[in-house]
Amino acid sequence: MTVLGKIETQGCGCDALGHLASLISIDAALDRIAEHAAPVADRETVPLMRAAGRVLAEPVVASVQIPPFDNAAMDGYAVQTRAFTGQGPWSFPVIARIPAGAVPALLPGAGAARIFTGAPVPEGADAVIRQEDAGLSGDTVTFQRRPDPGLNIRRAGDDMVPGQIVVPAGTRLGPREIAACAAAGAGRVTLRRALRVALLVTGDEVRDAGAARDAAAIWDVNTPMLGAALGRAGVALVHVARAPDQRAALTQRLAAMAAEVDLIVTTGGISVGEEDHVKPALDALGAELHFSGVAIKPGKPVSFGSLGPCKWLGLPGNPLSALVTWQMFGVALIRRLSGESAARDTRRHVVTAAPIRRKPGRCELRPATLAGFDAWGREVAGFDSATHSGRVGGLPACDGLIFLPADCDRLPAGALVEFLPFSDI
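For what it's worth, my numbering labels the leading residue of the sequence shown as 663, then goes sequentially.
One thing to keep in mind: the hints can contain errors.
To be verified - For each label pair, taking beta carbons as the anchor points, the in silico distance ranges come out as:
| id | residue 1 | residue 2 | range |
| --- | --- | --- | --- |
| 1 | Ala890 | Asp1046 | 19 to 29 angstroms |
| 2 | Ala871 | Leu1032 | 20 to 30 angstroms |
| 3 | Asp821 | Ala874 | 58 to 68 angstroms |
| 4 | Ala1004 | Val900 | 23 to 33 angstroms |
| 5 | Gly1076 | Ser725 | 51 to 61 angstroms |
| 6 | Thr1008 | Glu720 | 21 to 31 angstroms |
| 7 | Pro837 | Pro1058 | 21 to 31 angstroms |
| 8 | Val723 | Ala903 | 54 to 64 angstroms |
| 9 | Arg875 | Ala898 | 24 to 34 angstroms |
| 10 | Glu794 | Ala762 | 18 to 28 angstroms |
| 11 | Asp821 | Arg875 | 54 to 64 angstroms |
| 12 | Pro942 | Glu706 | 35 to 45 angstroms |
These are computed hints drawn from the structure, not numbers from a lab. Note that this is a predicted model, so its numbers are computed, not measured. Think of the CB as a built atom: it goes at the ideal place given N, C-alpha and C, for glycine as much as any other residue.
Go ahead and model the full structure; you've got the sequences and the hints to work with.
Shown next as structure tokens:
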């Protein structure tokens, strides 16, 4: 067995080099998100069927024992084990038929009851013999083996007991959590209000995917990509818009959005060029900047701030940079604002399928594809020879991101690296 060291942080040494002092580390950026983003306070109670993807504001507690009664774990025959006296085989008359949902009568020791999965075990019975181990002839059933008490019976309270917290507050509800809520009898649940989010993509050159475009225009990748990501995050996507590279129009659009939503996500316009107007527009509106630039590749310009009570996350314009920084910071911000408790760390160690040579200085998050296991049972990750921030053609084949340390310029094949799966949100 290969023993690997514990992954301690979300970072990767990206603040290791002094000449990158103007940029903050991944860890520091995540800390500032946690510091400045408070969960929405409003709550609402909704039917369980409408709660998928949302975050619980109050725990779901079992009010009764589950299962509420002893029931059959499979189709068969309910019997009294003490009736199996002497040497077998043993034959009993079939005196009752108990489907799921029926209330059974008392079972005397001299008989057996035909019973179906989930049906209540009749009083007096203490075992269920599966139908494959029974021989039925007319109204008589014969068994070759003496059953043990409790055989194939699901006992009352085996799953949940009254007062048990089944799903804690702060949990995002997926199919598994909703199953537990339903089993506990929670037909309605109290949730944090769905986040109100606006998505604003900047760029004079951007056109709708598939639309006519001139030689200097490009199709819009970020709007459908991030719209899909937000659509899976249990948020209310209030606005989806594009904005031209004009400071006055951008300032007006951001001010209007900030009055209506909890979070604005922008792409593009956050670097230091003459056509980058997002930060100046926010500055003109009195926004507070919590960080601007992270020692990460791709996605160095990523920024985070507050415009009054509204939060702003500025992602780079290049699609891969936008996706990587959304994965690292957007997911964390959505979870924080939604009131989701600390999510289980899904990172794990993998080994590289090929050697890597790269320029050190920033922590690189490179898309990777899991390619099976090596001779020692370690997962192997394949990847391109370089990270290109504008390329997305290979993303459908990728499973997540590998972390390449900031101070590392080369790694051999088989080197141990961290791997972060692409998140559902």
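Tested hints:
no.: 1; hint: Ala890 - Asp1046: 19 to 29 angstroms; in the structure: holds, 23 angstroms
no.: 2; hint: Ala871 - Leu1032: 20 to 30 angstroms; in the structure: holds, 29 angstroms
no.: 3; hint: Asp821 - Ala874: 58 to 68 angstroms; in the structure: holds, 59 angstroms
no.: 4; hint: Ala1004 - Val900: 23 to 33 angstroms; in the structure: holds, 27 angstroms
no.: 5; hint: Gly1076 - Ser725: 51 to 61 angstroms; in the structure: holds, 54 angstroms
no.: 6; hint: Thr1008 - Glu720: 21 to 31 angstroms; in the structure: holds, 26 angstroms
no.: 7; hint: Pro837 - Pro1058: 21 to 31 angstroms; in the structure: holds, 24 angstroms
no.: 8; hint: Val723 - Ala903: 54 to 64 angstroms; in the structure: violated, 42 angstroms
no.: 9; hint: Arg875 - Ala898: 24 to 34 angstroms; in the structure: holds, 31 angstroms
no.: 10; hint: Glu794 - Ala762: 18 to 28 angstroms; in the structure: holds, 19 angstroms
no.: 11; hint: Asp821 - Arg875: 54 to 64 angstroms; in the structure: holds, 58 angstroms
no.: 12; hint: Pro942 - Glu706: 35 to 45 angstroms; in the structure: holds, 38 angstroms
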